[in-house]
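Engineer: What follows is each chain in one-letter form.
Number of protein chains: 2
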Amino acid sequence: MSAQEIYDQLTEHIRKTGYLKSTMALLEWDQQTQLPNAGHAYRAEQIMSLAGLIHQREVDPQVGQWLNELAESDLANDRHSITGSTIHEVKRQFEKKAKLPQSLVESLAKATSLGQRIWVESRKADDFKKFAPQLKEIFRLKREEADAIGHDNCRYDVLLDDFEPGAKTSEIEATLQNLRAELVPLVKAISESSAEIPVEIVQREFPIDIQRELGIAAAQAIGFDFERGRLDVTAHPFCTTLGPKDIRITTRYNKNHFNGAFFGTLHEAGHGIYEQGLDVEQFGLPSGTYCSLGIHESQSRLWENLVGRSWGFWKYFYPQAQQKYSSLSNVSIEQFYAAINHSAPSLIRVEADEATYDLHIIIRFELEKALLDDELSVDDLPGAWNEKYQQYLGVQPDSDARGCMQDVHWSAGLVGYFPTYSLGNICASQFFAHADSELGNLEERFEQGEFASLKHWLNTHIHALGSRYRSSELVEKVVGQPLNHEKLVDHLTTKFGKIYLLSA
Amino acid sequence: MSAQEIYDQLTEHIRKTGYLKSTMALLEWDQQTQLPNAGHAYRAEQIMSLAGLIHQREVDPQVGQWLNELAESDLANDRHSITGSTIHEVKRQFEKKAKLPQSLVESLAKATSLGQRIWVESRKADDFKKFAPQLKEIFRLKREEADAIGHDNCRYDVLLDDFEPGAKTSEIEATLQNLRAELVPLVKAISESSAEIPVEIVQREFPIDIQRELGIAAAQAIGFDFERGRLDVTAHPFCTTLGPKDIRITTRYNKNHFNGAFFGTLHEAGHGIYEQGLDVEQFGLPSGTYCSLGIHESQSRLWENLVGRSWGFWKYFYPQAQQKYSSLSNVSIEQFYAAINHSAPSLIRVEADEATYDLHIIIRFELEKALLDDELSVDDLPGAWNEKYQQYLGVQPDSDARGCMQDVHWSAGLVGYFPTYSLGNICASQFFAHADSELGNLEERFEQGEFASLKHWLNTHIHALGSRYRSSELVEKVVGQPLNHEKLVDHLTTKFGKIYLLSA
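Protein sequences appear in the order of chains F and B. Per the numbering used here, numbering of the first sequence is gapless, rising by one per residue and ending at 504. Per the numbering used here, numbering of the second sequence is gapless, rising by one per residue and ending at 504.
All the pointers check out, no bait thrown in.
In silico DSBU-like links for lysine-lysine, alpha-carbon gap of 35 Å or less:
| hint | chain 1 | residue 1 | chain 2 | residue 2 |
| --- | --- | --- | --- | --- |
| 1 | B | Lys255 | F | Lys255 |
| 2 | F | Lys97 | B | Lys21 |
| 3 | F | Lys324 | B | Lys255 |
| 4 | B | Lys91 | F | Lys21 |
| 5 | B | Lys21 | F | Lys99 |
| 6 | B | Lys97 | F | Lys21 |
| 7 | B | Lys99 | F | Lys16 |
| 8 | F | Lys16 | B | Lys97 |
| 9 | B | Lys99 | B | Lys168 |
| 10 | B | Lys16 | F | Lys97 |
| 11 | B | Lys16 | F | Lys21 |
| 12 | B | Lys110 | B | Lys136 |
| 13 | B | Lys16 | F | Lys16 |
| 14 | F | Lys96 | B | Lys16 |
Hint data in this document are derived by calculation from the structure and do not stem from the laboratory.
So here's chain F without its partners, still in its complex pose (with noise of 0.2 Å):
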């Protein structure tokens, strides 16, 4: 067989584990958003007996076998081709998962499963102590986990590749440390600065319905298509691909909060929006696939932020919202404007604002590389967490369930997750930088509701390469320079220097 004939024969393969793992999310989506009360159980049965039938085809040795073929093959010398990404990036999952012994997988699954149900109750009854020792177990898989698969002594490693392929733990570290060495004062600042915001307005009343018209309207307006999508409600906001043009995208409302669910379906719609972007011949397959959760996280926050929440997209956008809100009808555009970009130090990362935002995830990456290298145990990791709070942000949890216990992540075994938060801030940051400069001020084009130019630009430099680079050779490329958190910085200095009247 030649070496295209494997290549077809591979590609097809994936394609149809694609069938699987499109239905799968399905399965998950509809779990979320319609199934009856009673229907959990079987759902259940159902999405691990799918899972089952997708690991079989992604470990089954024929792929192997096609693949060391085809590694020596022509077809893989360009990494960046789409022969040659979905060559080594197949290569790459297959041999990761190939190491992992299946005792392993299963001791994991079950630690995260009941991992999950313990972190619940033991959140709802502010009891770390009940919480200690599976998060112990969790940590402890964890770490044979990384050791399965090899490092060069450097266990988060392999656990960031997980999210973040190819990154490594030291240059997302320093990166992360200047940008803590920035945010700290500056947070300090502004919750210092004597300007007054006045925060009650985005808590009056905002029926739901018409928040949905408008969350509908902006999604609509920055290019999400609904021909390819829709919005539901749910519990914990989520995008989902269940296949090329079928990109769905969820909120939840509060009708006396307007931030929440507007921001997050921007937030979300900026993640369909990646998704719809992405190649749809090469569904499925890396060339057809988001580069790592940090990119993908920088199109959201991009969206979310540097749009949604810019001056120039509420001097388009506010006319629409004053007409349909009766409680906003005496409320400039100014006071709008600071009371949307309301910013303080707080306890909870999900209600975070822009300027804070990364101290939270800053905190987090800390604490779960102590614990993985072992330099923090599990029991100290309550009062570490409280000091890192009180030292970054001047704050202090009231309680675990507000502190090291808030996020469901460590209990799912989500450990070298929350950095992609960051990097998604990041990048977004110096993508958006980079576009301005190319395409002139974009600031006025949003003024006039002009949000096509920025999603081109995305669409052809990021959202058409799928995985063919890695994040940081596709930052490096995109911007020609390396992951930086200056530009990050830069925003958020002009941006919250202007509203809280700080001196330059």
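Following the hints, put chain B in place on chain F, whose structure we already have.
Structural biologist: Leaving out everything else, chain B in the frame of chain F:
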């Protein structure tokens, strides 16, 4: 291996196939209710791929081996036991599938997929000549299918068996002929009656949100469990099972017609109550699966017509409806009852009333049997159709689109399906009459809003048995008599005799 061990392996295999089949049901439900417009092409690929996996598992030679061994074992002795019905019914289906050459399966899939497309176009253009060649091809392939599976000189038996396992054409034919002989004069008498039915009452304005609310209230009242199900909107209403505790029904609303959505919801809820009443432990196995399409339809028709269109039901439910609809404020229950039960010969099956409905079915049964037996040529179908409508219902189709091209069934290869609708009506009347005699006056219970005893009776005598009995056996077991049209004729004669003031 012991027979029990083999049996456990077989049922484990079937349960796992069940995960895929119920997942397929979700892919299809979502396609009808949720899928974004652009998602249909990929969804079709997902469905085809999953169908392939299901088929593979169903014709797995290992299954054949297990079945052969089990057929000789004690577990197979009692055809009506859980194990016996599983072995015999799975074996029957396995052998039927095994007899079909792969090439014929593919030809049929292609011809019916194309057939439905051509049907849509031909019906739209009212052009039977365009449809005829494809219809000929489909009937040719259905003959080939019947011959491949084998029969005692009656091809129709083989096709009927897909929907009504074990049923004999000769018996069905005799029953339908008897029914026809009674219905033709009854329908004539109704249409010649001088009674004036205020039919415009049900054509007033009925806001859709209230229709939905009352439909749910009625479905709940008769016993459809929304903890284990839901109600959505689709162009073509249906009931589908996505899991033992996840039964979904759909309807469609017309704000200027009361009957469609209300009785449609009760109809689908009737199907749903059957599915919710099956043995959860045996889900996916014959003893946890509906008996036949005829029995399924008996449950939907029973709740729709014998309960939902009864005087007792409306004595209970009319005050609610009248309170919600201002358009009913000046309408007496007597007028309303007459209006919802208005009967008149018409052209369109799916809009036909309780008294005329079965004549539409009988026409289709007689014609499809003649087509299959080559006693009628496809070219002569429109003429034969119109003649029968004139003869049985006294009306003449104004076009083939509203005549012999109105139903999708034949274009989709569903030959032998139509009689199950009338079997449903016949069985429903037999079951209802028997329940009435065992439980006491049901109509009085309905007046009190008491539907639980009837539902419980159906749960016990019909639903809980799954397909451990053939439909003909089930009827005999439940009512002590074979399938017989008389109870249905009694019901219609009495009911419409009163409404249309017919002399007995």
